[in-house]
Amino acid sequence: MSGTSGTYLGMPAFPVAARDAVRDETLRGNLRHATHTIREKRAKAVAELDDWERLRAAGRDVKERTLRHLDHYLVQLEEAVTAAGGTVHWAADAGEANRIVTGLVQRTGQSEVVKVKSMATQEIGLNEALEAAGVRAYETDLAELIVQLGDDRPSHILVPAIHRNRGEIRDIFVERMGSWGRAAPAGLGDDPAELAEAARVHLREKFLRAKVGISGANFMVAETGTLVVVESEGNGRMCLTLPETLISVVGIEKVVPTWQDLEVFLQTLPRSSTAERMNPYTSMWTGTTDSDGPRTFHLVLLDNGRTDTLADEVGRRALRCIRCSACLNVCPVYERAGGHAYGSVYPGPIGAILSPQLRGTGSEVDASLPYASSLCGACYDVCPVAIDIPEVLVHLRERVVQGGEVTRNGERVTIKPAKGHRGERAVMRAARWALDHPGALRAGQRLASRTRRVHPKRLPGPGRAWSDTRALPEVPEESFRDWWQRTRGGDR
Amino acid sequence: MRVALFITCVNDALFPRTGQAVVRLLERLGVEVEFPRAQSCCGQPQYNTGYRHETEPLVRRFDAAFADYEYVVTPSGSCAAMVRDNYPRIGAKAAAEGRGQALAEAAARAVPKTYELTEFLVDVLGVTDVGAWFPYAVTYHPTCHGLRVLGLGERPRALLERVRGLELVDLPGARECCGFGGTFAVKNAAVSAAMGADKARDIESTGAAAVCTVDNSCLLHIGGTLARRGSSVRPVHLAEILAATEEEPYA
Amino acid sequence: MSGGRERVLARVRRALADVPRDERPRDVRVERGYRRVHGDRTTVQTVDLLAENLADYRALVHRVDASGLPRLLKRLLAAHGSRSVLVPPGLPPGWLAATDPALALVPDREADTAYELDTVDSVVTGCAVAIAETGTIVLDGGPDQGRRRITLVPDHHLCVVRVPEQVVGSVPQALGRLVPGRPQTWISGPSATSDIELNRVEGVHGPRTLEVILVDGGTDV
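Protein chains in written order, with my numbering: chain A, 1 to 492; chain B, 1001 to 1251; chain C, 2001 to 2221.
There is no bait here: all hints are sound.
Here are the simulated lysine-lysine pairs, DSBU-like style, with alpha carbons at most 35 Å apart:
# : chain 1 : residue 1 : chain 2 : residue 2
1 : B       : 1093      : A       : 419
2 : A       : 416       : B       : 1187
3 : B       : 1187      : A       : 419
Simulated from the structure, these hints should not be mistaken for lab results.
Just so it is clear, the structure is predicted and the values come from calculations on it, not from any experiment.
Produce the complete structure using the sequences and hints provided.
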């Protein structure tokens, strides 16, 4: 199955996983603390720019221009990268991408690689593919390291270990660092600065001996062939400049047309993601440079469901995403359900519209993701490329319950409505009839009013989902319609 | 001035007092209120659950029911948002599916005439002091559709601040969703309930006697959560506060 | 490999069936109504803002006139306890003229391994441009900056910015001055992480100490 990393196969539907997460007090506390901290900081960082809305509109426009002419820009990018000494590969799905990267690593004769945090390689399950080929991949981003050492799954786009607090991180370092390399220092405490220092020491030897680096990229400039990686820790710089060979796996939607276009995103991305005016380090490279950095550069352009997403005129907007995570940080559902419940490397609101498009709505979890939102719209408000996430969610809900024509693996297919909505569909059809026949509706209301004294306080069956935590409203003696008729009956 | 009241299905069946309050309030302000009986539901529950085709007859019905009116006023932020935001989308998709322009035209007629109550009061009638009296401490929860889709901004607070006797208490985390979200409340009951519990705690922390919103559907969830927690804070629709006077106090 | 290319491009083209055939990329409007620079500042104020924002992200900022630069560098290297310093090939020779004779000046050589760089205490460079609004210095591999790795592996980076000529107000202005093909490193404060509870902590893999020296009035020492 293209686009599905093994890790996420057989995930339960979102409501089931979320229900367990809600009960986990530590997780709730960790997420609440982290998301509320960053929310206020982001708001402050954004408020510093009085032209924020115009930057946001420009970001949206640049991405729309790119997506509507993606073939043109990809070919232009390929030419520029090749002219600058790089080699460009194209991968239609995860399997192809993994085969290409594994082959390139094997040709270097190396059995280990250092990795910069990359959503694309997470998405395709590259580490597992390398492992199967006898190549060990070391994650070097602090949060990715925490996830890798803890044999865990990422739960946030920017901070994959957001579900862990400092005490848990300390324990993971103490217990696991030794089996991956240099052990944690004796008596390691849980102060974040101390933990960062432990990571520095642990990873140093891996950086210094690394011969192959693997990265993603935040942006690729079509006109110049320049790739851009935005980071904080310096692990990115280590992986991008010290090894002899650099392999970058990048989703095809990451291309931007011009060098000038970076002026928009380099202002909006740091403020939206880490709430900084600028992140500590941004690396830009164009192919290879004589005697500075890797001598060999490979760019693997990844489709893996992106062209299927592109084929949907409404859903396509999800491809504007620059992976800033602002939507996760403001989302009340993410805050309570945590990232794992989304069953994908892309959690939160953007994940809820991206995963069911990249992977299709065939699995239980993917069919449930468009419903993992109260449609409160906080995500749309903060999105630096103005993706109307609620609109796309509703659009995908339609695909789930009504089925219809979609593109899967490049082919137009007609999908059936997802399972588990049969009862609901019957109710909706009945409601359509009743609501279009106000006389019948009124009769129903009267029946409810007449029987109001015998209505239960809690509902059986599916109704329990409401009445377990919320009192039921009392049905009034008389509907508004009846009151109007009784008191002003002559009117219309 | 003559307006049509769009009561909405939830208010019609469960909260007739809100509709009665709107009638009383608008008539007190010299507005002639009519209730076209052909009206029904805006279609939001169906549309937001993915049943766009089931929503289409309701767009046509809305258009026909309110054809004779220049102003349609509704005491529901989310139903007003449904008309304003989603009716045009429903029309555009029907057209894209090759089913003609009729729905798009119906939507285009519906959008400019539909007002959420506080918009109508502040923008059309130009009033913020509606002569109300409500001698209680009240906290205001801005519902998501009112806040982010309609952009009601300061309108509801401006109206509340001019209610005699009313003490307006700030709600911590006011901009956060209460967790209702229509069918979300049952499809993702655990998360919805957790959001509701946090909202209820924030409301209780204000010490207010009542929590008010521009939307009874959110209040149904908030009030139900408060009641299950044994809280004494009362959920009250903004219209019922604005309708209350010393002569006819809130009951 | 070429199979993948044709397959992906064909999929992209099929997916864009709704885009009119005669539409060109330029036909998709990009509204660039945003500012070229935020706020109205004199040159002096722009340099002050740079200093303020650098310091806000924990860079140590020093201001000096051209004639005082060698003595300041000597003092800063000594204060850091540095016994060796990496020197890019085109660093103005006068800059390090006053340093202690015991300080080893290590040239930036292609043959050096990362392990060798890791034994050097400090690095001194110039920069290509500095951005006031964001507190950013940009290196582009120019002769006074050297290879990217020399400002990465040593734990102490001293970066000299010639003010006001190397300072711009904003990100758009900086991009306008830079040459895209050159390898670039944009640096805003010492390395940091927000990965633990989304709280910023300084000092991870890159240099833990970043000192930025704003030099006034020419640098021909």
